[in-house]
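The residues making up each chain are set out below.
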Amino acid sequence: ESFTVEVQRSTLGFVVAGLLVGFGTRLGNGCTSGHGVCGISRLSRRSAVATLSFMVAGAATVYVVRHLLGGLL
Amino acid sequence: MKKLVAFGAGLLFAVGLVVGGMTQPKKILDFLDFFGSWDPSLAFVMGGALLVNAVAYLWTGRRDEPVLAQKFYIPQRRDLDWRLIVGAALFGIGWGLGGYCPGPGITAVASASVPALGFVGGLVGGVLLYKGFERFVS
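Protein sequences appear in the order of chains A and B.
Numbering of the first sequence is given in this note's numbering, commencing with residue 10 and proceeding in unit increments.
Numbering of the second sequence is given in this note's numbering, commencing with residue 891 and proceeding in unit increments.
Keep in mind that the hints were calculated from the coordinates and are not lab data.
Just so it is clear, CB atoms sit at the ideal spot from N, CA and C, and this is done for glycine as well.
Quick list of simulated restraints, FRET-style, between CB atoms: (1) Q17/A x V957/B: 45 to 51 Å; (2) T20/A x E955/B: 42 to 48 Å; (3) M891/B x V65/A: 41 to 47 Å; (4) Q17/A x F903/B: 25 to 31 Å; (5) A57/A x G900/B: 24 to 30 Å; (6) H76/A x A896/B: 40 to 46 Å.
Please build the complete structure, drawing on both the sequences and the hints.
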């Protein structure tokens, strides 16, 4: 249902994910909501660049973890 | 009154995230899995939110001040710097690893699942790490 995880990831994996998200959001002044929704809707170039950066990074990470590392971590 | 409105906004945001399936990491990871089991749901959630926000931004932009505050706090920066790009990239890696970002992660704490709690714990740690980093750099 609404909060199911269904992802094979160790608890440490989720903690590290949180660390990266926490640090990265502060360093980059935003996240999917801040840059992706609010920033782009007011046509901010900074937000468009940030969104592109995290989309590429996210896709690359999923590719590496799922397809190269076989879902390990 | 302002606190009530803020609470209501948070509630609406959380409901939207849950209904949109954003509190399920698998949905996010499937969206980012362009070469595998791709799930476009996130694009619709983000797109819908973006449209609503664009309308709200234009509509409220006609006012001189907001209703419940002294002024609008609109980010003014227009420069592109390494912090923006690297910060977003680090965020993206964490996002692709856990399938959570701040809003959904915090909302998912309601389920008291170990992944959500671990993620939010890491989130707080990451913010504290950043504070230390900032102090170290300056």
